[in-house]
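Each chain, letter by letter, is given below.
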Amino acid sequence: MVTTPLLPSDYLDLVSPLRAGADLRGRIEAVHPETGDAATLVIRPGRGWRGHAAGQYVRIGVDVDGRRLWRSYSLTSPPHRRDGRITITVKAIPGGKVSNHLVRRAKPGTLVQLDQATGDFVLPQTKPAKVLYLTAGSGITPVMSMLRDIALDDVVMIHCAPQPQDVIFRKELHGLVADGRLRLTEVHTDADGRLDLARLDELVPDWAERETWACGPAGLLDAAEELWSAHGVRERLHTERFRPGTVVAGDGGDGGGGGEVTFSTTGKTVDADGATPLLDVGEEAGVLMPSGCRMGICFGCVTPLREGAVRDLRTGEITEAAPGVLIQTCVSAAAGPCDIER
Amino acid sequence: MTAIDPTAHLTAEQIEELGRELDAIRDEVIAARGEEDAAYIRKVISAQRKLELVSRGVLLFSFFPPAWLIGTAGLSVAKIMDNMEIGHNILHGQWDWMRDPKIHSTTWEWDHVSPSDQWKHSHNELHHTYTNVIGKDNDLGYGIMRVDEDQRWHPFHLGQPLWNFINACFFEYGIAAYDLELGKNLSKRRRRDPEFRARAKAVGRKIRKQVLKDYVIHPLLSGPSFLTTLAATFTANLVRNIWTHSVIMCGHFPEGVQVFERRSIKGETRGQWYLRQMMGSANISGSRAMHFMTGNLSHQIEHHLFPDLPSNRYAEVAVKVRALFEKYELEYVTGPLPKQVFSAWSKVFRLSLPNRKPRANTPDGERELVAA
Ligand code: FES
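Keeping their order, the protein sequence lines are chains A and B. Just so it is clear: in the first sequence, position 320 is 1565 by the numbering used here, and no numbers are missing. Just so it is clear: in the second sequence, position 228 is 876 by the numbering used here, and no numbers are missing.
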């Protein structure tokens, strides 16, 4: 009542954005380069942070060029770091808006939005006797959190990267090897080619007896699942897949594209071309669509885009689905299959 | 309505070409939107909140006259900022591209008795789509005033300077009533319409909250300063109302602004729509501070052409838009605030009386105002 129509929290956010009870946020406190295209961000999470288990990931919302974009990254810090900070380690992917921003432009002091940690790529309660970590590229990040968490007795790791200097955390890994806490095989794919899992018998003869955590590109994980299944030990393999690659938007240009549109609340699915506004598509299908001016100026037709991609009919700009992404259905057409919350 | 159509010299192709040139201006801004724009609106929001907090704090001691003055002035400015540069523009979706759920047209609520969603309907949808179309755009005279020579005079209009003045003082209530289409909905049958009742209830709730905050809770919090704080908030609301009313009058009322007939917008092309916005709006000239305090509605012409471009961009857009006005030999109606306010008010007075001159003898509704 004192602050209506705002909430008291809108004022408190001005002074204390990380306080208990605020929307979960974090403040970037430091950015440490790891390799030429990867960096670790040290983040102080808000008071509402409930902690994480080694191997879990967190969704983080970053403002890039003024626009909030959300991505998921594995946490690389062990749970319960003394100073209460968490870290994520980000590898810049070519053309990646968020990853490049975080690796090359993120500044200490910046606020980012956070979700609670999640994911079941974690160690079990009881320590497994023998462990194999099979990782490639930035697939090492969730495993690093595990390595930093608790020391296991018998750990083998196979890690693939193009060249030695591309191995994230290389120094720390070699430190663990020197301490006798880890047996490590590095596969440098530029020189040795892709890892052929047929070599596993030679690299880790007892692999089938080991509890295995694998993380990396889909090709590697598919091959691993096949191999483990073939040997009847599929339940010993735990995999973490990176989010499936960004949605493939139908071709831009001249009204091509289009795709299957699902109105998930009403459960209707129809085919749409790349030139018809989704508002019309929905109404045609008998979905009750909010609307107003029907020409892009009143914002009365704004609706969540759950999945897929749409194209702005005025500018040709493609918008991809992500939590919290809303589109103006009167000036947007399907750019490939999409799901509209109606 | 002027007897002569000021756009008559344009051919249909020229009008479409004009439309394309305006689209190009729009695309340029959209491509350039970025970090600085986002920082701008965040800064304005945070400044507004701080100013309001400090002003309300000062008013706790409002029995002390200097404190009353400072607190009231601060609160007035804070309320103007909330309604104009922040609320109006966010509710237009100008900042939706940031994808910040807190600064979004679907979530924003403003310091105003009209709930955001109702205002968005009557303002964004009706007023901005049917700008200056008599009978379709109720912003023209808010249904209580005669704003054009061609409208039929009624003895009721004799009082319109007074109605307009009262409307200015209680502008936010006027807007809320207008969003509810109160006049039309007060007939017995309409009053029972469940949709109308729900909306009326929502307005009632909003009014209750606003009044409670401004006239009960904050005065109570000030203890011995109860009465002076009450007077201060009342004054701040009054100042805000008169200010926004004046700014808004300048947008479409001054001399030189065109109004249109219903039939003239049938089958309107994009170019014609743009042209109607250009001829139906007027600007206020002035300093940067003036533009800021009007929520950049001083760039009314640009705002009507591109209602969803971020307000901080209107100034640069205005230069290009004005060049187009010149190129197509159209009148860009603009002037300093006092001049425009005077112009709008004299129209209100003039039209409160029946026309001296009988209007051109074309039959009703026969004239095409937009060159087709
Ligand atoms: S219906 Fe008005 S913006 Fe879509």
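Bear in mind the hints are in silico, worked out from the structure with no lab data behind them. Here the structure is a predicted model, which means the values were calculated and not measured. Check before you lean on any hint, since a few could be wrong.
Pair by pair, the computed Cβ-Cβ distance ranges are [said to hold, decoys possible]:
| hint | chain 1 | residue 1 | chain 2 | residue 2 | range |
| --- | --- | --- | --- | --- | --- |
| 1 | B | Ala679 | A | Arg1428 | 36 to 44 Å |
| 2 | B | His802 | A | Thr1514 | 17 to 25 Å |
| 3 | B | Pro749 | A | Pro1535 | 46 to 54 Å |
| 4 | B | Ala679 | A | Met1540 | 49 to 57 Å |
| 5 | A | Asp1399 | B | Glu683 | 20 to 28 Å |
| 6 | A | Met1540 | B | His802 | 44 to 52 Å |
| 7 | B | Glu684 | A | Gln1361 | 26 to 34 Å |
| 8 | B | Ala680 | A | Ile1395 | 20 to 28 Å |
A few chain B residues that face chain A, going by a derived Cβ cut-off under 8 Å, partial list only [stated by the list, open to error]:
| hint | residue |
| --- | --- |
| 9 | Gly667 |
| 10 | Arg668 |
| 11 | Ala672 |
| 12 | Glu676 |
| 13 | Arg681 |
| 14 | Ser770 |
The beta-carbon is built from N, C-alpha and C at its ideal position, and this holds for glycine as well.
Here's how the hints hold up against the structure:
In this structure, Ala679/B and Arg1428/A break the distance hint of 36 to 44 Å, their C-beta atoms being roughly 53 Å apart. One distance hint, 17 to 25 Å for the beta-carbon pair His802/B and Thr1514/A, is violated here, with the actual separation near 55 Å. One distance hint, 46 to 54 Å for the beta-carbon pair Pro749/B and Pro1535/A, is violated here, with the actual separation near 18 Å. Hint check: Ala679/B to Met1540/A, Cβ distance near 21 Å, so the stated range 49 to 57 Å is violated.
At about 50 Å, the CB distance of Asp1399/A to Glu683/B disagrees with the hint of 20 to 28 Å. Take Met1540/A and His802/B: their Cβ atoms lie about 34 Å apart, and the range 44 to 52 Å is violated. For Glu684/B and Gln1361/A, the hinted distance range of 26 to 34 Å is satisfied, since their beta carbons lie about 32 Å from each other. About 51 Å separates the C-beta atoms of Ala680/B and Ile1395/A, a value inconsistent with the hinted range of 20 to 28 Å.
At its closest, the beta carbon of Gly667/B sits 12 Å from a beta carbon of chain A; the interface hint therefore is violated under the 8 Å criterion. Among the interface hints, the one on Arg668/B is violated; its C-beta lies about 12 Å from the nearest C-beta in chain A, farther than the 8 Å criterion. Given the 8 Å rule on beta carbons, the hint for Ala672/B is violated: about 11 Å separates it from the nearest Cβ of chain A. For Glu676/B, the suggested interface contact is broken, since its CB lies about 11 Å from the closest CB of chain A, more than 8 Å.
Using the Cβ-Cβ criterion of 8 Å, the hint placing Arg681/B at the interface with chain A is satisfied: the shortest such distance is roughly 7 Å. Restraint check, Ser770/B versus chain A: the minimum CB separation of about 10 Å is more than 8 Å; hint violated.
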